[in-house]
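Student: Here's the letter readout for the chains.
2 protein chains.
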Amino acid sequence: MSTHLSIPHGKTVQLGVDRPMRLDCGVDLGPFTLAYETYGSLNADRSNAVLICHALTGDQYVASPNPVTGKPGWWSDLIGPGKIVDTNRYFVICSNVLGGCMGSSGPYEVNPETGEPWGVTFPVITIGDMVRAQTLLVDHLGIETLFAVIGGSMGGMQVLEWCHSYPQRVFCAVPVATSYRHSAQNIAFHEVGRQAVMADPDWHNGDYHRHGTRPQRGLAVARMAAHITYLSEPALQRKFGRRLQDRQSVTYGFDADFQVESYLRYQGSAFVDRFDANSYLYITRAMDYFDLAGANGGVLAHAFRGTATRFCVVSFSSDWLFTTAESRAIVHALNANAANVSFVEVQSDKGHDAFLLDEPEFHQTLTGFLRSAAEQRGLPRGPVAAAV
Amino acid sequence: MSTHLSIPHGKTVQLGVDRPMRLDCGVDLGPFTLAYETYGSLNADRSNAVLICHALTGDQYVASPNPVTGKPGWWSDLIGPGKIVDTNRYFVICSNVLGGCMGSSGPYEVNPETGEPWGVTFPVITIGDMVRAQTLLVDHLGIETLFAVIGGSMGGMQVLEWCHSYPQRVFCAVPVATSYRHSAQNIAFHEVGRQAVMADPDWHNGDYHRHGTRPQRGLAVARMAAHITYLSEPALQRKFGRRLQDRQSVTYGFDADFQVESYLRYQGSAFVDRFDANSYLYITRAMDYFDLAGANGGVLAHAFRGTATRFCVVSFSSDWLFTTAESRAIVHALNANAANVSFVEVQSDKGHDAFLLDEPEFHQTLTGFLRSAAEQRGLPRGPVAAAV
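Going down the list, the protein sequences come from chains A and B.
Counting from 1, position 86 in the first sequence corresponds to residue 86 in full-length UniProt numbering; the numbering is continuous, with no gaps.
Counting from 1, position 95 in the second sequence corresponds to residue 95 in full-length UniProt numbering; the numbering is continuous, with no gaps.
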């Protein structure tokens, strides 16, 4: 059991060098690093950029193999040459969020001022901070207006934050399986996860790098609890039911008698090999703090005043973590601004995870929306001549 | 922080003295102890006994103050003189389940053969074992047929087990907010709780009594995760929403900024003062193993063949732990046996916990059902002349 994650870095950029970035908590951060990947080429008028925003435990490897796990990119079904987000046509950008642990500045990385990992001395960040950092990356890439910003779950929160804070920089937006504010129940589940990490003596008040430990048991429990919320009861019943794991009858003990137990234990142990526990605390906290209604006097519609962005809002019928009701609230707020909005509730029994899975109705919806938006934007159909 | 729970014992009885009780796991247990409380008096023909079965973390103090917490009995709204289960009329019995930690034999108690606490050397028990032990208590009290067996959640599982295994001993039965088998999702949540306990180094493979420790942090995390499942999303939203705890704005830290976090932390820490971690493992396991359909060739209706018991099945609309669909499956199985069944889905936003709360529709249903059943049983309306 290694005490350190083995995390290779792809592309990185130093931001906030000339002028630090002011975080929502009041701290000035800079210089700081964002790690990112790009796919395809930016066109001559810099109008074909698509920003993909990742979820809580996602990363920048959206369409290329993850160097830690060796698995395909997490949305490689959607994104690539000839795919729905066609990298022959679009210039796709995905960065590891600020506070993440895949190369962007966060508690796992070294504080340049001390030469030690930040740990819990890293300032607490928000979805707003994540997006502010992304704007600096987009500036760095020489892009004024993004053709599209797309993301699911926490990625969808970032999409909404972009549309709220930088509406003129987003031509079209696809918030998927997300909400305009984290619900009480979701805060509660996150708090359970954080308490599981903090209860692990190997956490050492966040200073585990000094002790040569990692709070792996606590983080695994956090992941197990969270993982249940990503699925649905019918999907668990269909996938596992009460079937036993490699045995004919129960053992009258505390081993993983049931397949669902074995599956959950695997999810927990696989997760700690690729994720930093402090980063988990920071990113869950950022989600808890997200509240576009609260930030606008309690009126969500005010978050999107005068928006010209085209929206495609997608929810999944069995998602009980980010319910269709929350997507509807977003749609109503957009309608109140006479915005251009498509809304689809995809029928699926796969729960919240559906946004990462092969869901034809979702994929068809996204295909149609992007095709129409690209026409409106005047993007040519064929491969682009590269400007970058 | 004490390393031992302070648990006073009320009434106890030694059972399995002459002949040990065979457990489902094959172990012969005996002698063993059940701790119990009774309320009211048994009538001359011993026909007015009501057995109450408690839930996962409940106990025998159903209608009298809990000596550990000082709180009123957990169903004292329902049970007492002049109440719905009128102790002037009925003889009410409630025992701490086998495997529990309020005086009944279980991992927390001393193994008489070794003079040491059982810990995880206590045999793994089932709902069937809990009920078998209750039959010995009922025998001891000189009762052949119970007028009623009533219980919610795991208590409801015991009710169903009584009706399955000892149908001739149950005149009427009220399974509330329960299921005929533990679902994959519920097994998953229990497994998270067990892993949280076992991840705590103070658990010491269950031998914590020898080390003078208790896995309080792990057990608190387990309780926090479980507690979320006892509520409903709308109830959490109504009760807490995103309201902050004693502060005007978020602190950009990991303190309990939100009321819902503070509430959950309190639930976790209060629980460890009254409950034994090993007992939590055993009782969750017993629930996981419960499967009346599986035990009857996959056909739930076979579990109630030829039943003459009168049933009142109650579910709550917002209970997502033991859904109305599971109660309906019980009702369908009973209907297939032409059983006498009432079924009510109580409209409530309080989630699973509703069965413990002031729910007028539930209380009215129980009142009507018991009144009618008592008439059929020929119980006089007034107070009983005591036989015991």
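It should be emphasised that the hints constitute simulated quantities derived from the structure, not laboratory data.
Only a predicted model underlies this, so the values are computations on that prediction, with no experimental measurement involved.
It is possible that part of the hints are untrue.
[To be verified] Partner residues are not named here, just some residues of chain B that face chain A (Cβ under 7 Å, in silico):
hint	residue
1	Cys25
2	Val124
3	Ile187
4	Gln195
5	Arg328
6	Val344
For every residue, glycine included, the Cβ atom is placed at its ideal position computed from N, Cα and C.
Student: Decide, hint by hint, whether the structure agrees.
Tutor: Comparing the hints with the structure gives:
1. With a least beta-carbon distance of about 4 Å to chain A, the hint placing cysteine 25 of chain B at the interface is held under the 7 Å criterion.
2. Hint on valine 124 of chain B holds. Least Cβ distance to chain A is approximately 4 Å, under the 7 Å limit.
3. Because the closest C-beta pair between isoleucine 187 of chain B and chain A is about 5 Å apart, less than 7 Å, the hint holds.
4. Proximity of glutamine 195 of chain B to chain A holds as hinted, the smallest CB-CB distance being about 5 Å (cut-off 7 Å).
5. For arginine 328 of chain B, the interface hint is violated, since its Cβ never comes within 7 Å of a Cβ in chain A; the closest pair sits about 15 Å apart.
6. At about 22 Å, the closest approach between the beta carbon of valine 344 of chain B and any beta carbon in chain A exceeds 7 Å, and the interface hint on this residue is violated.
The structure does not agree with the numbered hints 5 and 6 stated previously, though it agrees with the rest.
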